[in-house]
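Chain by chain, the residues run as shown.
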Amino acid sequence: MDQIILQILNGLDKGSAYALIALGLTLIFGTLGVVNFAHGALFMLGAFCTVTLSRILGLSRTVIDETRTDFLGKPLKVEVPYVYDWFGENLGATIIDWNVPLSILFAIPIMIAIGVIMERGLIKHFYNRPHADQILVTFGLAIVLQEVIKYYFGANQIPAPAPEAFVGSFDFGAAVGFEAGAIIYPYWRIVYFCFAMILIAAVFAFLQFTTFGMVVRAGMADRETVGLLGINIDRRFTIMFGIAAAVAGLAGVMYTPINSPNYHMGMDFLVISFVVVVVGGMGSLPGAVLAGFVLGILESFASMRQVIELLPGINQVVIYLAAIIILLTRPRGLMGRKGVMED
Amino acid sequence: MLGLNKNDMRLLLIVAAMVALAPIILNPFPESSAMAQFNAGYPDLMQRFVIFGIFAIGFNILFGLTGYLSFGHAAFLGAGSYAGMWMLKLLSINVIPAIIFSTFIAGLISLAIGWISLRRSGIYFSILTLAFAQMAFSLAASVLTPITGGETGLQTNLNDPRVLPSFLGGGASDGGNIPKPSLFGMEMTASFKLPVAGWEWTFNWGYYVCGVIMLVAFYVAIRVFRSPFGLMLRAVKSNQQRMSYTGLNTRPYMLACFVISGMYAGLAGGLMAAMDPQVGAERMQWTASGEVVLMTILGGIGTLIGPVLGAGLIKYFENIFSKINSSLLHEWFAFLPDGLEDFIVAIIYPFIGKGWHLTLGLMFMAVIIFLPGGLVELGQRIARRFGKGRTANATGETKPAE
Amino acid sequence: MSKTNMTRRGVLKTGTLAGAGLAVPTIFTASSAAAFTNEPTGSSVTLGFNVPQTGPYADEGADELRAYELAVEHLNGGGDGGMLSTFSSKALDGTGILGKKVEYVTGDTQTKPDAARASARSMIEKDGAVMITGGSSSGVAVAVQALCQEAGIIFMAGLTHSNDTTGKDKKANGFRHFFNSYMSGAALAPILADRYGKDRKAYHLTADYNWGYTTEEAVRTSTEAMGWETVAAVKTPLAQTDFSSYVAPVLNSGADVLVLNHYGGNMVNSLTSAVQFGLRAAEANGKNFEIVVPLYSRLMAKGAGKNVAGIFGSTNWHWSLENVGGAKYAGTNAFVQSFGQKYGFPPSQAAHTTYCQTLLYADAVQRAGSFNPCAVAEALEGFEFDGLGNGKTLYRAEDHQCFKDVLVVKGKENPENEFDLLEIVDITPAEQVSYDASIFGGDLGSCNAGA
Chain H
1 MDQIILQILN GLDKGSAYAL IALGLTLIFG TLGVVNFAHG ALFMLGAFCT
51 VTLSRILGLS RTVIDETRTD FLGKPLKVEV PYVYDWFGEN LGATIIDWNV
101 PLSILFAIPI MIAIGVIMER GLIKHFYNRP HADQILVTFG LAIVLQEVIK
151 YYFGANQIPA PAPEAFVGSF DFGAAVGFEA GAIIYPYWRI VYFCFAMILI
201 AAVFAFLQFT TFGMVVRAGM ADRETVGLLG INIDRRFTIM FGIAAAVAGL
251 AGVMYTPINS PNYHMGMDFL VISFVVVVVG GMGSLPGAVL AGFVLGILES
301 FASMRQVIEL LPGINQVVIY LAAIIILLTR PRGLMGRKGV MED
Chain F
344 MLGLNKNDMR LLLIVAAMVA LAPIILNPFP ESSAMAQFNA GYPDLMQRFV
394 IFGIFAIGFN ILFGLTGYLS FGHAAFLGAG SYAGMWMLKL LSINVIPAII
444 FSTFIAGLIS LAIGWISLRR SGIYFSILTL AFAQMAFSLA ASVLTPITGG
494 ETGLQTNLND PRVLPSFLGG GASDGGNIPK PSLFGMEMTA SFKLPVAGWE
544 WTFNWGYYVC GVIMLVAFYV AIRVFRSPFG LMLRAVKSNQ QRMSYTGLNT
594 RPYMLACFVI SGMYAGLAGG LMAAMDPQVG AERMQWTASG EVVLMTILGG
644 IGTLIGPVLG AGLIKYFENI FSKINSSLLH EWFAFLPDGL EDFIVAIIYP
694 FIGKGWHLTL GLMFMAVIIF LPGGLVELGQ RIARRFGKGR TANATGETKP
744 AE
Chain S
746 MSKTNMTRRG VLKTGTLAGA GLAVPTIFTA SSAAAFTNEP TGSSVTLGFN
796 VPQTGPYADE GADELRAYEL AVEHLNGGGD GGMLSTFSSK ALDGTGILGK
846 KVEYVTGDTQ TKPDAARASA RSMIEKDGAV MITGGSSSGV AVAVQALCQE
896 AGIIFMAGLT HSNDTTGKDK KANGFRHFFN SYMSGAALAP ILADRYGKDR
946 KAYHLTADYN WGYTTEEAVR TSTEAMGWET VAAVKTPLAQ TDFSSYVAPV
996 LNSGADVLVL NHYGGNMVNS LTSAVQFGLR AAEANGKNFE IVVPLYSRLM
1046 AKGAGKNVAG IFGSTNWHWS LENVGGAKYA GTNAFVQSFG QKYGFPPSQA
1096 AHTTYCQTLL YADAVQRAGS FNPCAVAEAL EGFEFDGLGN GKTLYRAEDH
1146 QCFKDVLVVK GKENPENEFD LLEIVDITPA EQVSYDASIF GGDLGSCNAG
1196 A
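Protein chains in written order, with the working numbering: chain H, 1 to 343; chain F, 344 to 745; chain S, 746 to 1196.
Hints are computed from structural coordinates only; laboratory data are not their basis.
A couple of the hints might just be wrong.
The calculated lysine-lysine pairs, modelled on DSS-like cross-linking and capped at a C-alpha distance of 27 Å, are [what the hints assert, rightly or not]: (1) S:K1051 with S:K1073; (2) S:K835 with S:K1137; (3) H:K124 with F:K580; (4) H:K74 with S:K943; (5) S:K943 with S:K1073; (6) S:K1051 with S:K913; (7) S:K946 with H:K77; (8) H:K74 with S:K1087; (9) S:K1073 with S:K1137; (10) H:K74 with S:K1157; (11) F:K536 with S:K846; (12) S:K846 with S:K835; (13) S:K835 with H:K77; (14) S:K1073 with S:K846; (15) S:K946 with S:K1157; (16) S:K1032 with S:K1155; (17) S:K845 with F:K536; (18) F:K523 with F:K536; (19) S:K835 with H:K74; (20) S:K946 with S:K1087; (21) S:K1073 with F:K523; (22) S:K1032 with H:K77; (23) S:K913 with F:K432.
Partial pick of chain H residues on the chain F-facing surface, computed with a CB cut under 7 Å [as the list claims (entries may be wrong)]: (24) E164; (25) V278; (26) I314; (27) Q316; (28) V317.
Cβ atoms here follow ideal geometry from the backbone N, Cα and C, with glycine treated the same way.
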């Protein structure tokens, strides 16, 4: 029992990442009708916002310490971050420690800007082109973005630890009446799940309860009519693209303590998130979120030792197997609408 | 001739001439010149050009004619490779059983996958094929290790049985060395080098075997494109619903098309194993499936020659650009003053060697933005500008890609 | 329209013609004048450096390439000579190899066997490379080694740790300087038993591919021989990025040690997950819970950050070896000095192994007096040397595997700088990690000179 609860927790956690990326993908697809293969790259860029901020916070002056030596036997250069000079050693250290949460503030404007530039500069010209062209051009963009990141940050992973306060794990079992230590779960992963829920709720609330959101939803349903009503739907769609980019970026920012980011992380998520979107049903936002969590939990269950022993290799294929079964029994995914992307 | 009209015949002859003369055409720079780095006329790359050409031609039969975008074609390529490899290990080192069996196995597997996937259309079809291919890749790399050799891959071994009689290429290894894949004793790696003035041309036996098979495959593709069957498939692309309303069941046609396309992939896979006896699971990964999509689109969807050109371009980038390193760059620009040399090298350096992916990405974007019809469109534009009188059909365009 | 339909006669005719055409080029089989593949005839000789330049191991590949460039510089008499001055064989004199200037070509393996072979073939067929070296995974090493055997070229493996490379997939033309899974297990087990006790229960997470299998096997066998018990061994997909669902059940499994048979990104991610789940701080069976990483690399340790602190593993070489182990490991400092001067940071173990391989190849050619792969192989087989940073080392003739001391290392608790991540705990002498060449099966075959 405790194992099952543990894997559900794990699944929710994985599912949050899938759901966030799939949500952004669906937003772009639903509003603009564009299949964005660069969405994984946006997730990666978000993660590298964290890395960039930590590099900025780590900018330092060097002091030569004559008492110690480096690997070549020369006097050791000690780096003192400027942040220490400005805020004092204690506050400076805290700021560096809280780098990941701080990156949220740093990433939002950057990711929105990247999204808007992408839409205005490139995607705009592809609205009336076949989906294959959209896939190719965004895939090309994804490669370019990831190579640029690799050029500046290298191919290895770069650690971006969570703040000291969130290191360690929460004894979930003890809290709900199992024996102590039966179900423990890292604090940061709980934070990630809550963060994802808040972000998803915010996106839905924004679309549901604001005039802007209402217009966008109307545009998703029938773009031409909304345009005929004299509403500048293009500008709103551009903003939606920015928001979708920010959602992916924030998912990346908060993901960094879970897995140290590298330039390739976007591609790792790309295929999975497409499967999630399609299983959820093209163009359905709740479908994307639901499918994200369902597949996340399935993946977690499949990786249990007892399951692998029963069905060797199931952990490798469970997501794809589930996708096939769902698509064969529910032709348009879990919550898809008729006529979307079937031509 | 051969049941082709004049234009198609001309296209086939042009392709045949290109294949025959590739060792010369692809080596335009003298051996000793600095530009020799850009020569592509060596056996491995030439073999890759035609093999991936076959793969892309087959993919285009499905994608170009019916508009169904399969994201799992690499699985057929990989399955063909494994099947071919096992023939080389078990039956004989002669490549013929390997090639036949790989095509057959890929046909069977594509029949099974096609039968299921073709129940859906559009992106749902794409995701179904992707899911099957990814499952094939994951299992091949792990659980199926006894059959596939896992991540290390499958190779010929010293203790392979090879049960056929020796004149058919059977028999175990001789003298502690593994026999090389051959066609009735002619080894695929055998080459004849012809030095002419500053040039050196390598005529490789394996390449010509692949080349001949590619021409046959190309010919079959032309026939498919021009047949009533091809017309039916194109009708499916333009409006499948209308087809159903006329009382026609399109699925058998689609399935046949899918299987043909899968068999092309299997043939390509078998040839890969025959030219270079090593199969790795990553040959089935989604990136490999994506690569053939890129090849087809880069070259020109729905055109006959486009996929072959696209395949050539991508393989050229992968093999030539990745090998340029900074010391070579410095050599090339050594004639410039020092500061300027370093500056130019610093500018170019991110795009070559380890940065070849970046160049490839930029090229995709450029082609797709400025040349939606791919390389074939480029050819047509050039032809239109320079040869006004001629119709631009020499490129084998059937109709503009939609 | 000139449409001619195919007739039976026509087909027969063309068939005969084609058959005649195919029969003609017997010239193809004729061997060329050279005695072996790519015999260098001019004033220079070309080596092929085939390293991952794209993909997850690109940084490791870049470090290998730096070492190769340094080795070439030293072979041609440039720089400070590096380990040439400490190398026990004095055949090399800084005038290239056999008086020929050393040149090189580079390629990208992408850490994919297919791409690696394509790149190696282009070096052999186009650039006339007489030796191929490099790589950062066993899959690539095995694939390229087989290719070199077929082509008649010497292959000097780069970073490859699986037993298979010189075990079941060994080839007469292939040589490995790097250590392997078996040696990691044999070196680690006594130290683990000593530090953590003989009464331990281990839980293995194993990357689901060949290297993972051999490493798990090696560590299991050698720790079980020390009295440990293996509770479970779970295979994790190679492409896995989030290991939480594999790590989470470990604490309740009754195990008190977690062995992570992962390398590269897998290692960084699984270790990060394990530390997040509090395994480092936990207690099980009344003991502190411990984590072991059989194969360590400094470049990877960097990616895992603070998480490596206090975690045991093994490594082929480390830049501080001579400072810790003494003059026995001469060469280390000379290499670090010359690499550090040129690039500004200490070399990784991948860089060390590829530098050594280049020197060893050049030296073997020099001693053999010929570039002929068979002569070179003979010169390398059973070759005993010293002064390349690992102490006394033997290139065993039976399987072309180097035998040398293995380092047991631990992640440093308080690193002084960004390179100072690993701390040498113990140096296991070569005798302790040696094994019988036949235990992994496989057959070297006979050397192939090609042509």
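Against the structure, the hints:
no., hint, in the structure
1, S:K1051 with S:K1073, "violated (31 Å)"
2, S:K835 with S:K1137, "holds (15 Å)"
3, H:K124 with F:K580, "holds (26 Å)"
4, H:K74 with S:K943, "violated (43 Å)"
5, S:K943 with S:K1073, "violated (31 Å)"
6, S:K1051 with S:K913, "violated (38 Å)"
7, S:K946 with H:K77, "violated (44 Å)"
8, H:K74 with S:K1087, "holds (15 Å)"
9, S:K1073 with S:K1137, "holds (8 Å)"
10, H:K74 with S:K1157, "holds (21 Å)"
11, F:K536 with S:K846, "holds (25 Å)"
12, S:K846 with S:K835, "holds (18 Å)"
13, S:K835 with H:K77, "violated (38 Å)"
14, S:K1073 with S:K846, "violated (32 Å)"
15, S:K946 with S:K1157, "holds (25 Å)"
16, S:K1032 with S:K1155, "holds (19 Å)"
17, S:K845 with F:K536, "holds (24 Å)"
18, F:K523 with F:K536, "holds (19 Å)"
19, S:K835 with H:K74, "violated (30 Å)"
20, S:K946 with S:K1087, "violated (47 Å)"
21, S:K1073 with F:K523, "violated (46 Å)"
22, S:K1032 with H:K77, "violated (40 Å)"
23, S:K913 with F:K432, "holds (16 Å)"
24, E164, "violated (37 Å)"
25, V278, "holds (4 Å)"
26, I314, "violated (9 Å)"
27, Q316, "holds (4 Å)"
28, V317, "holds (4 Å)"
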